[in-house]
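Undergrad: These two chains come separately, so use the hints to put the complex back together.
If you're matching them up, the sequences are chains A and B in order.
Just add 582 to wherever you are in the first sequence, counting from 1, and you've got this note's numbering.
Just add 1392 to wherever you are in the second sequence, counting from 1, and you've got this note's numbering.
Hints are computed from structural coordinates only; laboratory data are not their basis.
Treat each hint with caution, since some may be false.
[Stated by the list, open to error] In silico BS3-like cross-links for lysine-lysine, where the CA-CA straight-line distance does not exceed 27 angstroms:
#1 B/K1463 to A/K749
#2 B/K1534 to A/K749
#3 B/K1560 to B/K1571
One letter stands for each residue in the lines below.
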Amino acid sequence: MTKLKTFSSFILGSIFFLFVLLYMFVESWVIYVKKMVKFKHLYNFREVEFPLLDVLVSEQNELTPSTLGALPNTLGASRTVAIPEELTSGALEVLLDIQMEALSVEECFELEFELSSPEDPSKVEYIYLFHRPFDDQHHFNTVPLWYPIPNNRTIKLQLVDIVGMDKPAFGGELRLIGAR
Amino acid sequence: MFEKLTNRLYDVIASVYIYNEYTGYKELEKLLVGLEEHYPSEQEFIKAVKKHYADEKKHYLMFRYYFKKRKCMPFKIDKTYGYVDLFVEHIFKKPIEELDHDELINDKDLFFKLCRLVMMTEFRGMRQVHTLLKNPLIKRNKALFKIFKVVERDEPSHCYPYQYWLEKYESHTPQFQEKITDLWIHYSLMLLKVPFLFFNLRLERMTAFYDEKELVTA
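Isolated chain B, as found in the complex (with noise of 0.2 angstroms):
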């Protein structure tokens, strides 16, 4: 019994997660395109969102593989549990699939908006990997904190290019009510939107991986 129920709030915490990383490399990729054409001087900035992208892509790929592993499917999880999805509709006050990538980059300070919420988000997930890998449950799972660990070791360098971006171009940092926004996220997603996804014994899983419903629809 104990077994079962560990086994499914890993499946739930592994399904946010494949969730986040799928959208947050989906909305680099736009976001690279435009930087390349509106800032091709900046390359030094461009590499480090190009790594972010990419360790987006991987993590997404490694969470896959430890559902691949387990042999199910991840959890139909929609937009209520992305950090991402979230953020953005409190910040610019639309969903994230009507954010236009050219007028962002274009109005410096919606810019600075999007480096201000990238760099949360990634301070956020540094600050929850870290808490979850003491966690003596995710030390159970040999598997999952393997991940974890890997998810560890390529965070801290994805928060930084945003601050440094934002620091060279003489914007503030995280102002109260992004502050709020982030703890409002974050505590709603982990004291109440987590607890239901294990509760809820009407959940369903996945047919297909976010990829491969890619291809289906291409």
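Isolated chain A, as found in the complex (with noise of 0.2 angstroms):
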């Protein structure tokens, strides 16, 4: 009698543990079936997976525009420039103006710069640049972006390219012109 006891609850408990390893495998087969169908709808973004979509500038961020230095004018060369805490406190990232100003006024040049944070060289962006002196439609001597406050509130600007000339003589300057 406690033989077949012992019995019946092995094959009890062995059906119950073939069971719930069913339902594991059915259940994460239907996970993953549900997440390679998901109809992700077209239409609508996630803010998460664009992290910079609002990118107009809006009046109530703007700020009076301040210089933050020099634009570095040879290739490789950099600056390294601090974020003002007084303008910018409780902000958490700052619309910067990047802005060129050509002394050659004959020749075409194209300028990439990044600019980044020496604390974190994975926030990178990148800066293109493009003076035609004849040609207004294209000519682009200025590119507002907001970037991130790092912890430091420092901010490295480095020109690291050049086409169409070897060495363009220009001026400009890194601009702080808002804040949210």
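TA: What follows is the structure, encoded as structure tokens:
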């Protein structure tokens, strides 16, 4: 009688164990298949996928423009600047404006800058400026962009490439124009 | 050999992009003129379209810069590979060059249609650039990767003004026919046309950039 009881509980336990295994197996497959076929609607993006969704400048975020420093103007040169706390206290991001002024008015050239944080080099923004003196349509000498304020409030701007001329003569500045 | 093949792939992708950016800003230029004339009070919307126009032009210049750095020209691409060209042809049943922007802006329904078209193109572009940035082959090409990063940064602000306009004037978002057209254009480009460009060894390169051609014509 005891043997039969032990045997039947062993059978019941095995059946239960197999059932749990089967359940886990089916459940993991259901989750996997659901993930595979889950329809993400094209017109309903989640903001987390595109953190820079709000890229238009609204008046409430604007600051009186102030200079943070001159642009580096030789290939490979960089400039590290601090974001003033008094203007941006409580803000998470600053709106920077990279503005270039060409001193050679007759030559076309193109510049590529990298804006990063020495604290977190992975947070890099790329900036392209185009000097085309005889073509107003394709002349871009300013780029505004939002950048998250690093903990140590220091950012680095580096001139990484020049196309069109070896050593173009230009000046310009990095300006702080907004915060949010 | 691998290097040659990947460079060809990069050039094909950049050629398709440069064509689309060029067509995009040219069409937006015409749209802006009409908007400023017919809706001068809609300054917020006009400001957003102006930003869109400026960004498209900047993107065109960035791809141009990419080819200048590579010291080669883009492949000759025609409107078969233009997302907006194809969309206009399917939705308005006429080629893009025959679009009458005045008529479009004057007719409320046609303008809603146009807004939906731009909105869908931009959403698709946003999704596409997001996918490209995750691609290991694109990650290998630093120059192209950086350009796509800038495109990714700018794109979100392009679709929302049109969506806002549709909501403001109580028009509907894209419907079945427009969604099917979008899917058809996207997948025919990705699965048929771009591979065809890649394997087409007779594909020629351009002799001048689009804006240079324009200057010569002018």
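Undergrad: For each hint, tell me whether it holds in the structure or not.
TA: Checked hints:
For the hint pairing B/K1463 with A/K749, the CA-to-CA distance comes to about 19 angstroms; that is within 27 angstroms, so the pair holds. The straight-line distance between the Cα atoms of B/K1534 and A/K749 is roughly 23 angstroms, inside the 27 angstroms bound, and the hint therefore holds. Taking the CA atoms of B/K1560 and B/K1571, the gap is about 21 angstroms. The hint holds against a cut of 27 angstroms.
Checked against the numbered hints given earlier, this structure breaks none of them.
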